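S.K.: Below, each chain spelled out in residue letters.
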Amino acid sequence: MTINLTLLVVMGAMLAIGIYLMLERSLTRVLLGIILISNGVNLLILQTAGRAGEAPLYNEDLEAGDYLDPLPQALLLTAIVIAFAMVALVLALIYRSWVLARQDEVTDDEEDRRVAQSIGAHDPEEDDEVSTETSEFIDSMDPATGSIRQVDPSERAEGPGEVER
Amino acid sequence: MLIVLAVLFAVSLAAPLMYSWWGRSTFYVLAGVLTGAFIWGLAHIPYVVEAEQSAPLGTADGPPGEVFEWIPQLGVELAFRMDALSLVLSLLISGVGALVMLYCARYFAPRETTAGAFAAQLFAFAAAMLGLVLSDDLVMLFIFWELTTILSFLLIGYSAHRIFARRSAIQALIVTTFGGLAMLVGLLWIGQLAGSYRLSEILAHPELSGTAVDLAVVLILIGAISKSALVPFHFWLPAAMAAPTPVSAYLHAAAMVKAGVYLVARFAPGFHDTTYWFGLTVLLGLATMLIGAYRALRQTDIKLVLAYGTVSQLGFLIMVNGLGTRDAALAGIAMLLAHGLFKAALFMIVGIIDHKTGTRDLRTLSGIGCNQRPLLIVAIIATASMAGLPPLFGFVAKEVVFESFYGYAEVNGSLGWAVMAGVILASALTVGYSARFLWGAFATKRHPAGHENAGQPLPVTEFHGKPDAVFLAAPAILAAGTLLFAVLPLPIEHLVEPFAELFQPADPDIAPTYLALWHGFTPVLGLSVLTWALGAAAFWLLGRRGAPGLVPKEVDAERAYRYSIRTLDDFAGWVTSKTQRGSLGWYLFIIVAVATATPAGVIAFTGHTVPEHIILAEEPMQVVLAAVIIAGGLGAVWAPKRFMAVLMVSLCGWGIAGQFALQGAPDLALTLLLVESIILVVFVLALRTLPAGIWTQNAARQKIGRALLGAAFGLVVMIAVAISMDRRTAEPVSVEYPWMSYEIGHGANIVNVTLVDIRVWDTFGEITVLAAAATGVASLIFVKRRDVQRRALHEVPTGSVGRVLSDKALSPRQAKEVQVARSFATVAREAWLVAGRTLAPEHRSIVFEVVTRLMFHAIILLSVYLLLAGHNTPGGGFAGGLLAGLAFVLRYLAGGRYELEAAIPFSAGALMGWGLAVACFTGVLPLFAGGQAFQSFIVDLDLPVLGEHHLVSSVLFDVGVYLVVVGLIVDVLRSLGSEIDVRSEQESRASSGTGHGVHSQTSLGVAR
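Going line by line, the protein sequences match chains A and B. Here the first sequence is numbered in UniProt numbering, starting from 1 and rising by one per residue. Here the second sequence is numbered in UniProt numbering, starting from 1 and rising by one per residue.
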């Protein structure tokens, strides 16, 4: 297949600039980067259609090869509209992040940082010494006296949040 | 069999509901259902016993079975088969299960509310266990195996508010799942080696041998020994005693832990002579038996005495069943039944004591035997059976076990005798801990030396209420069974014998053994007597005070387990902290770097030639446009302000639309132009509240790195595209498209027909995504509900929308401008737009309103034309919808949010919903006419005035697309336009009191 150098270079430039912008911290620039990358990919798909051809409107006198390949065009058409929907979604995200935090930047993931601190930390659920229990009815019966304790049902139904030491 | 299993699982699902109606009486129903399963099993006895045991599923004289296809591509089937081994276990599972259910009906408090889920889990466990023993397919076997693991986890963790229960449950889950995974690999491996996943067929292949088979069998055995709690996995079973006692009685005595024994017995006929079998079953079993029995002598909790006893007995069972002789097979299954009977009964007795006294500590329990006669009698029978005393079934079974080891030792010499000696020692310890259990639970004890009342009897432990007949019934029935089968072992023999016949005798000259109370004065009887004597001594010397610990605390298996889990956690944390440092930009950098380096490596290390067919461009215009596009891209990087950058990116888009047009794609050019215009507007609308110029400046070092990475990525993609295009040899699939779209799709616009007909599923998926994205946008902005009801138009005061409330924040010049604008807007007449008057005067533009008025209907008409004509000329649903959307954008910009409401008084969600419905309808309609989904058809109309028309059904699909796209744009406008308007007006009203409006600092300032 013939390679169209102009389209190739434009595609490369779009991708390069897009990646550069996408790695920024500013959300707006990230979005612009995404748009440019999708432009670049659109050009990539366009190139797979080969050399320029007739508009894909059926004409009895034309061979199948005379048209610009319609399949990449169909793919592109959907890609363009999807890209619009995505831009709108990211814009809404940026707006939301601005409203909530007055911030339009990609922030660091606190949760990831927290993982690093968990190494070797004491976790009561795992590490506490727990004495073995000699009755299932500990919470309803006093093992020392053997007398039945009055236990509120809500107390028994307490979830796993409570930790017994 | 499938039906029985399905019914059982269905009942388990219904159990919580039943529990909410009937409370703990539900357990009677569940017991009844399991009794039904037991009777169903009994009814199969004649067919099963008569059948040829080794015959694969499907042979005429084989055992009963069923096969249903499930995943034929993988060779996985719902295959069930009931041979003698399966039947014996089915009877044990359903029989003991029914009794455990009965027991539960008294064990739980009448007003216990949380037991509904418990009932479901326990019952589902019975079903899963039945499925496990009936499966003839390796994958099914594994699925049921893991089901029992998960249910065991849930059941152990029943008292989820106790840390001990939670920890035990997780421990059991991790240990048995670890074994289960090893087993899965082994099962799949052996299935591959044998060329079949049918258990019966694999076992019918005696020629399987070699290192691969040896290793696969090792993996399977790891599953078995972890499930059956053999050393070094034994620690989970005592910890699992945190479960309610019915669970211990069922899962950890009669059923689940027997799954490992079952697996060993199941694979023994075919694989007992593989290399590692003897070591992993017989020797490991012996070690477990000794360790478990000795540790049972040390426990002070009577439930733990039983738990370690169970560990010991499981070792015993695995070793007998792993021996692989005819006698051992008979003995192994008999022992399995005996153990199920007495151990379940003993656990139930412990449960009753715990339930009635509130403790299981044998140092405080005292004098129960004198007061609770019926309980004591049942306990004595079961314990004696455990110790192997006549006339009980435990004795009968143990006799044949000794017999088979004795026979094995006679043939195999010193190793056999060593095993025999070990078994006798362990059995003696068993007698010892049996006595300790009975003494600990029932005897009247004295205060130990050193206590102030040393030598005085302990106070008699008080029972809270007598255990009633129902509570006692279950252990009593089990104890009765122990007694009955000792006297009448023939039914058991009859049932187990066909399975034992699968094995060769240890020595052909020895007469096969049989189950009986009295075999005559044999050496084995002498050995039994020896065990009793040694056992009595063990109890006397060690059992009453508790045996001393023999190993230091550090080699405790549970400690080792927790240490390894801890290390694993820390390692995972370390790896995470090294790779996930928290900066998302960094992650992205790594991802892109990998995506650059990998193809670059491939390109560098494979040979390539320079492409021959290269052209600079189709025509000079392309180069000019290329320069514009690249300039736009670079401009976006350097633009100092947000909207400048957005404009630059739009420039790129317009340039690319030009490239599309030059290549010969008018549809694309049209759509991209429309999209770019809308994006520009939406961008401005969404970001108007953000500061205009604040850009984060990353460090210069980062900038260079990012620039290099971007350039490298672009370059690699360029090279990859050039190479792949140069090498392309295949014909495009689309060469058939032109005639197909014209002849079959009835449309001349090939791209449009591709969208609405040839690749219609793709488009259908896409419009669904559009609707989802629009919903996402709306939910991010509206948060609570979209399309909030606004005021009716006539209620809105003139000039109220977007009004600047305070002039203080304005510069003198701006204030003057506002003044001038206000002086013009004195007329409230709706001159051009219906809602134009609602806008604040400073926001109105009469010229814009006039233009909008003139253009709107023309644009809408044009969009409908694009939609309908798109089948044959450039256009279609997407382009039409976008154009219509643009018309609404115009209305909104010229007349504000009330103008938008007036222009399109429907909910955007409804619009998209209708669009999807129309598209769906087009797809479904041909089905009724006998066609395929989305098949297009043509309707010829000859209308009197309008002339001849061909209506193609796929145009209707395009209408759906059109509606979805319009809905998307309206939704985006309402969210990012109207709703943000409302919010920022509220905000400025709130902040105008404090004197500094947010808007004076934002991009558009007051001009918004």
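Hint data in this document are derived by calculation from the structure and do not stem from the laboratory. Be careful, since some hints might not be right.
No farther apart than 16 Å at their CA atoms in a straight line, the calculated lysine to aspartate or glutamate pairs in the EDC-like style are these [as the list claims (entries may be wrong)]:
no.: 1; chain 1: B; residue 1: K445; chain 2: B; residue 2: D361
no.: 2; chain 1: B; residue 1: K578; chain 2: A; residue 2: D66
no.: 3; chain 1: B; residue 1: K578; chain 2: A; residue 2: D109
no.: 4; chain 1: B; residue 1: K578; chain 2: A; residue 2: E111
no.: 5; chain 1: B; residue 1: K578; chain 2: A; residue 2: E54
Derived coverage of chain B by chain A (criterion: at least 3 residues anywhere in the stretch with Cβ under 8 Å from a Cβ of chain A; other residues may be distant) [what the hints assert, rightly or not]:
no.: 6; region: 650-661
no.: 7; region: 666-680
no.: 8; region: 765-771
To give an idea of the chain A side of the interface with chain B (calculated C-beta under 7 Å), a few residues [claimed, not checked]:
no.: 9; residue: I45
no.: 10; residue: G53
no.: 11; residue: Y58
no.: 12; residue: A74
no.: 13; residue: F84
no.: 14; residue: V90
no.: 15; residue: S97
no.: 16; residue: A101
no.: 17; residue: Q103
no.: 18; residue: V106
no.: 19; residue: D112
All values derive from a computational prediction rather than experimental measurement. All C-beta atoms, glycine included, are put in the ideal place defined by N, C-alpha and C.
S.K.: If a hint holds in the structure, say so; if it doesn't, say that too.
M.R.: Evaluation of the provided hints:
no. : hint            : result
1   : B:K445 - B:D361 : 12 Å, holds
2   : B:K578 - A:D66  : 55 Å, violated
3   : B:K578 - A:D109 : 14 Å, holds
4   : B:K578 - A:E111 : 14 Å, holds
5   : B:K578 - A:E54  : 55 Å, violated
6   : 650-661         : holds (count 5)
7   : 666-680         : holds (count 8)
8   : 765-771         : holds (count 3)
9   : I45             : 10 Å, violated
10  : G53             : 5 Å, holds
11  : Y58             : 4 Å, holds
12  : A74             : 4 Å, holds
13  : F84             : 5 Å, holds
14  : V90             : 9 Å, violated
15  : S97             : 10 Å, violated
16  : A101            : 12 Å, violated
17  : Q103            : 10 Å, violated
18  : V106            : 5 Å, holds
19  : D112            : 4 Å, holds
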